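In order, the protein sequence lines correspond to chains A and B. Read in our numbering, the first sequence has 145 at position 145, and its numbers run on one by one without any break. Read in our numbering, the second sequence has 32 at position 32, and its numbers run on one by one without any break.
Since the hints were derived computationally from the structure, they do not count as laboratory data. Where hints are given, some of them may not hold.
Below, in silico cross-link-like pairs of lysine-lysine (DSS-like), each with a Cα-Cα straight-line distance of 30 Å or less [claimed, not checked]:
| # | chain 1 | residue 1 | chain 2 | residue 2 |
| --- | --- | --- | --- | --- |
| 1 | B | K218 | B | K80 |
| 2 | B | K189 | B | K149 |
| 3 | B | K80 | B | K189 |
| 4 | A | K189 | B | K283 |
| 5 | A | K32 | B | K218 |
| 6 | B | K191 | B | K110 |
| 7 | B | K218 | B | K191 |
| 8 | B | K110 | A | K189 |
| 9 | A | K189 | B | K189 |
| 10 | B | K189 | A | K32 |
| 11 | B | K110 | A | K32 |
| 12 | B | K80 | B | K110 |
| 13 | B | K80 | A | K189 |
| 14 | B | K283 | B | K218 |
The structure displayed is predicted, hence computed values, not measured ones.
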Amino acid sequence: MDWLFFSEIGLAGLGSGGLYALTGLALVLIYKATRVVNMAIGEILMLGAYVFMGFSAGLALPIWASIILAILVTGLVGGVVERAIIRPMLGESAISIFMITIGLGSVLIGVVEIIWGANPQRLIEFMPKDPIFILDAYLSPKVGYAFLIAAIVVGLFLIIFRTWRGGVALRATAGDQAAAYSMGINVPKVFSSVWVLTSMIAAGAGILVGSIGGISPDMGVYGLSVLVVVIVGGLDSLLGALIAGILVGLIETYAGAYLGGEFKMLATFMLLVVVLVIRPYGLFGTHEIERL
Amino acid sequence: MQMSQVSEQEVSPTLHTEGREILGVQGLSLAFGGVKALSHVSFSVKEGSITSVIGPNGAGKTSLFNSISGFYTPNEGTVKFLGQTMNNVPAPDRAELGMARTFQNIALFKGMTVLDNIKLGRHAHMKTNPLDALLYFGRARREEAELRKEVEEKIIDFLEIDHIRNQSVAALSYGLQKRVELARALAMKPKILLLDEPVAGMNREETEDMARFILDVKEEWGVTVLMVEHDMGLVMDLSDHVVCINFGQVITEGLPHEVQSHPDVISAYLGSGDVAALRKKFKEGK
């Protein structure tokens with residue numbers, strides 16, 4: 001067995017796992033607060049990548065400005081979506097809102113295709129190009145830096161939610177909206193902040209994912225793998241998203257390298273099936289959680 | 001403590017007239033489409049009193065509560081709290097001003113422990129921002145320590161729920177859940193406590209405990225109580241002032257015994273019929 005190859009694949013798997021964890025974080029946050037699985041998260045991620053392309057290639061703005069603007073604009077879109085189509089559903093059953101997010105995904109694909117066309121595109125290269133070597137193992141610089149950024153963001157959120165009472169407010173809102181509202185928790189504000197914040201996270205992840213593999217309107221399928229990640233990790237666990245993200249990233253990459261590309265998705269969903277059988281609430285999820 | 005001590009409270013008529021108005025409801029009307037839930041309801045709650053709202057099922061008591069706490073926006077009329085008009089104040093801000101409520105069908109955060117539930121009551125008064133929390137210095141740590149101390153020493157002790165503090169609320173009996181809900185409301189530093197059927201579904205012993213807590217909340221904590229309740233024994237024993245509503249309108253209000261013997265109240269509860277016999281039945285029990 002070629003151990004160098006094995007470790008290089010492992011590093012690449014870690015890299016893609018970091019991005020899964022980052023996007024998974026967005027899904028978990030929204031679930032924690034609203035008990036809704038946002039099926040449009042992949043499409044919001046895609047939108048973020050396209051908006052970044054619009055600013056950097058279309059308007060030729062500097063890269064740093066494009067990144068900030070893309071994240072802000074996507075956050076704004078998240079806010080508008082919440083205000084326009086999620087807010088009126090406040091108090092309705094989570095499954096209805098879940099259905100709405102599926103529709104939202106299709107709408108976003110349509111909008112992106114109208115503005116930027118349906119063909120795959122490449123993002124401007126902006127990450128350092130010097131190859132990274134960890135011992136002897138080569139790691140693509142894009143994947144390396146993407147992992148670093150993802151790890152920092154996920155780490156920050158983990159720390160904040162361990163100590164900040166806002167994290168408890170999220171759980172409270174998810175637990176009982178009426179009770180939370182009566183106790184001074186501004187439920188509508190929690191909803192919009194969560195939508196804005198998770199859209200921003202997704203946009204950031206979209207820029208990273210897109211700069212590694214290019215972008216296309218159907219890259220929202222990425223959201224499906226992320227869904228596997230959060231179900232495996234436990235829908236309401238940030239730590240679960242991190243660990244499951246890396247796990248799924250590794251399994252997918254190893255399956256792709258040793259069994260062939262067509263086994264990637266198969267391996268991911270096999271993992272899902274196994275976890276659902278053994279721990280239906282996910283590796284780190286709360287027990288009373290909804291079983292999907 | 002027995003209920004006999006509770007009944008002594010009833011005969012102190014001074015409380016009824018004392019105190020300034022803490023909560024005033026003026027001409028409140030609320031309609032859901034064609035259904036009039038409330039029409040021109042007016043009454044006032046004196047500071048430091050226990051005021052009860054009674055009325056048959058569907059009379060509009062919970063709608064009234066929801067309008068007062070800001071869950072519903074009334075079509076007409078105003079709610080005044082501490083002299084301030086509440087019409088444009090959203091529910092979370094009312095909570096911060098000192099309005100705490102419990103719910104008819106227990107609204108606890110299931111999956112959290114008793115302690116976490118109670119601590120969440122203080123949420124509106126906490127000032128910690130994410131940055132403080134990230135560093136977990138100063139404010140975050142201090143606030144957390146203060147809160148813990150107060151909750152542990154005052155509230156948990158007072159309501160005698162020390163033995164269940166770390167249990168998940170979902171596993172508790174109905175009576176204890178109601179008590180935790182009261183504890184959480186007390187953690188909100190309320191000036192007025194809105195209790196929606198505090199003893200509904202409780203057995204005799206639990207009811208007596210709850211009655212004692214409600215009285216202590218008023219007397220030791222100085223918190224004004226406004227409650228909706230069906231248990232007439234409890235209402236008559238505890239209340240300084242009783243408001244009876246039916247079909248969304250105030251039928252009568254006054255001292256407990258005045259309201260109890262009011263013919264409209266009796267017919268509202270029991271329907272028309274042999275009034276004398278029904279009155280006798282009503283006075284004996286519920």
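Hints the structure fails to honour: Violated hints: 4, 5, 12; rest satisfied.
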